[in-house]
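With chain A's structure known, arrange chain B on it following the hints.
2 protein chains.
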Amino acid sequence: MEYPKVFKEVINHFTLLPGIGNKGAERMVYKLLELDQESLVAFGKALIDLKDSIKYCQVCGQLSDQDICPICQDNDRDQKTICIVESPKDVFAMEKIKEYKGTYHVLHGTISMMDGKTIDDLNIASLMKRLNDPVDEIIIATNPTREGETTALFLAKFLSKYNVKVSRIANGLPIGSQLDYADEMTILKSLEGRKDMY
Amino acid sequence: MEYPKVFKEVINHFTLLPGIGNKGAERMVYKLLELDQESLVAFGKALIDLKDSIKYCQVCGQLSDQDICPICQDNDRDQKTICIVESPKDVFAMEKIKEYKGTYHVLHGTISMMDGKTIDDLNIASLMKRLNDPVDEIIIATNPTREGETTALFLAKFLSKYNVKVSRIANGLPIGSQLDYADEMTILKSLEGRKDMY
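Those protein sequence lines, which keep their order, are chains A and B.
Numbering-wise, the working numbering puts 105 at position 105 of the first sequence, and it's gapless, one number per residue.
Numbering-wise, the working numbering puts 148 at position 148 of the second sequence, and it's gapless, one number per residue.
Same shape as in the complex, but just chain A (with noise of 0.2 Å):
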């Protein structure tokens, strides 16, 4: 007993998705059956449409409907301010606090030993072409694993050639969370980032 062919290819494409595995992909086809076969046209029809008509900004490099997006377009905002992230959903996590009133620079991953990807992979081009009128501020903003600490540290050697001040996300307990429960190298970090309080 085999499930039809194209049941199984669903299947398998379901599987290269983060989080789905070979039951999780059935349980989601058994789904996409009973949906009407409308559903399932826009569906299919969105994701062939989906890279073609996903534009990156121009400038920053973040996910985008227009050529350059709404962030770089808007005087409103300081653009004298970059914070550099790894992708696309940094931004939506940073715009998520409400109080960044800079833009932001979208790197496309991180340098990484393992997967052999070097500075010259990320979207760095770009980056130095900003970096041609005046800047205030590089804020740093890759994420505190090892690839992101890696990263940092090679913008921050490349960016030391111009004439601008760099700075790094702090690191240290999140808020609501408690101390014994928090791991080493996090409180070693929040015990270094401590800040006078008088």
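Worth double-checking, as some hints may not be accurate.
[Stated by the list, open to error] Each computed DSS-like pair below joins lysine-lysine, with the alpha-carbon atoms no more than 30 Å apart: (1) B:K96 to A:K45; (2) B:K51 to A:K8; (3) B:K5 to A:K98; (4) B:K129 to B:K51; (5) A:K45 to B:K51; (6) A:K8 to B:K96; (7) A:K195 to A:K80; (8) A:K98 to A:K80; (9) B:K101 to B:K189; (10) A:K45 to B:K161; (11) A:K96 to B:K31; (12) B:K5 to B:K51; (13) B:K5 to B:K23; (14) A:K45 to B:K189; (15) A:K45 to A:K31; (16) A:K23 to B:K189; (17) A:K8 to B:K189; (18) B:K45 to A:K55; (19) A:K31 to A:K89; (20) A:K8 to B:K23; (21) A:K96 to A:K8.
Keep in mind that the hints were calculated from the coordinates and are not lab data.
This is chain B only, laid out in the frame that chain A set:
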């Protein structure tokens, strides 16, 4: 800052699937963007073709590439024993034990007072047709849930007018489980269903 239109569209489609929330759907779409266009087209086309290319066996109602599924065509199997299950995936579950040599009948649902689904909404017409030929035994293997039990009772009543042995799969403690973790109903069923050892 908003996601591009098609991006949001694909997210919405994914959230229709079981166990996928907004955050999970976002992760899926980011992953899709990393795939090559060829894979996306294949994925999209498979979704569009899914329903049209999948047939249901005209005899038992199981998912199939053909008009009649391999099990219903297989003369090495006992065509006079029919195991009634709720859904196509239950057939795969039964086949995994590699012990059952009869055929199946897939109801494609259960009777459900909540959803207003009656026996007429199930795949019953083709079951009646099968009962025109001699049948030795019908095993009702709907799930031991409220809906599955209701459906089993209805089926038993419905089948009583035919000259056929009707049985129901056993309830009890699953193999490898522990008595003190089992719920009361399972223990009760396990006690009621006890078998003489000598």
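Against the structure, the hints:
1. B:K96 to A:K45: 36 Å, violated
2. B:K51 to A:K8: 13 Å, holds
3. B:K5 to A:K98: It holds: about 22 Å lies between the C-alpha atoms, which stays within 30 Å.
4. B:K129 to B:K51: 25 Å, holds
5. A:K45 to B:K51: 15 Å, holds
6. A:K8 to B:K96: Holds, because 17 Å separates the two Cα atoms, which is no more than 30 Å.
7. A:K195 to A:K80: Judged against 30 Å, a Cα distance of about 27 Å means the pair holds.
8. A:K98 to A:K80: 18 Å, holds
9. B:K101 to B:K189: 26 Å, holds
10. A:K45 to B:K161: Not satisfied, since the Cα-Cα distance of roughly 50 Å exceeds 30 Å.
11. A:K96 to B:K31: 22 Å, holds
12. B:K5 to B:K51: 26 Å, holds
13. B:K5 to B:K23: 17 Å, holds
14. A:K45 to B:K189: 50 Å, violated
15. A:K45 to A:K31: Since the Cα atoms of K45 of chain A and K31 of chain A sit roughly 18 Å apart, the hinted pair holds (cutoff 30 Å).
16. A:K23 to B:K189: Roughly 29 Å separates the two Cα atoms, so the pair holds.
17. A:K8 to B:K189: Measuring from Cα to Cα gives roughly 37 Å; hence the hint is violated.
18. B:K45 to A:K55: Satisfied, since the Cα-Cα distance of roughly 23 Å is no more than 30 Å.
19. A:K31 to A:K89: Measuring from Cα to Cα gives roughly 28 Å; hence the hint holds.
20. A:K8 to B:K23: 26 Å, holds
21. A:K96 to A:K8: Since the Cα atoms of K96 of chain A and K8 of chain A sit roughly 39 Å apart, the hinted pair is violated (cutoff 30 Å).
Checked against the numbered hints above, the structure breaks hints 1, 10, 14, 17 and 21 and satisfies the rest.
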